[in-house]
Amino acid sequence: DLLLNTLPGYLSGAIPPYAQPDFGITYAPQISKEEGRIEWSQSAWEIERKVRAFTPWPGTFTTWEGQQLKIHSGIPDDNAPTQVFSLFREDRSERYMNTPPGTVMERDGRAEIVTNDGVFCPTAVQLAGKKAVSIHDFINGHPNFIGATLE
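Counted the way this note's numbering counts, the sequence shown spans residues 185 to 335.
Where hints are given, some of them may not hold.
With a Cα cut of at most 27 Å, we get these calculated DSSO-like pairs of lysine-lysine [to be verified]: (1) K234 to K254; (2) K315 to K217; (3) K314 to K217; (4) K254 to K315; (5) K217 to K234; (6) K314 to K254; (7) K217 to K254; (8) K234 to K314; (9) K315 to K234.
I should point out that these hints are in silico values taken from the structure, not numbers from a laboratory.
Let's have the full structure, built from the sequences with the hints guiding it.
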């Protein structure tokens, strides 16, 4: 509504343009590619937000068998709302209590990567030098991915 109400006045010259003031301008530091590295000791929600924020550039990645594995998309624990997710924390803690963060597990036919408070489920990945594929296709081609620990 604001645009519809303001644009005619601007286009007719009734509202004059003016430059943004220099006072108060802040600059964000440049993001490096290394900042895209996923730390599996973070929460599943932090990882999901990082994947969304860093896609497409610089992208997010982890290391699997000495190779860079880009994570293009994923969801934390079935994409459940935060308040619902917290109800499962105890269950997740028991299931993965002795499992280090970054360990890839399989449940109900999908990949789950253990985080510090639950699991992150990647949906699209890309191995260095290869094209991006769905996690299902990736596991079909790399069955040893299940059970691996990502760095």
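Status of each hint after checking the structure:
As the CA atoms of K234 and K254 are separated by approximately 12 Å, the hinted pair is consistent with the 27 Å bound. Restraint check for K315 and K217: the C-alpha separation of about 19 Å stays at or below 27 Å, so the hint holds. Pair hint K314 plus K217 holds up; C-alpha atoms about 18 Å apart against a cutoff of 27 Å. Restraint check: the Cα-Cα separation between K254 and K315 comes to about 10 Å, which is no more than 27 Å; the hinted pair holds.
At roughly 13 Å between alpha-carbon atoms, K217 and K234 fall within 27 Å of each other, so this suggested pair holds. About 10 Å separates the Cα atoms of K314 and K254, which keeps this hinted pair within 27 Å; it holds. Under the criterion of a C-alpha separation no larger than 27 Å, the hint pairing K217 with K254 is consistent with the structure, at around 12 Å. Restraint check: the Cα-Cα separation between K234 and K314 comes to about 22 Å, which is no more than 27 Å; the hinted pair holds.
As the CA atoms of K315 and K234 are separated by approximately 21 Å, the hinted pair is consistent with the 27 Å bound.
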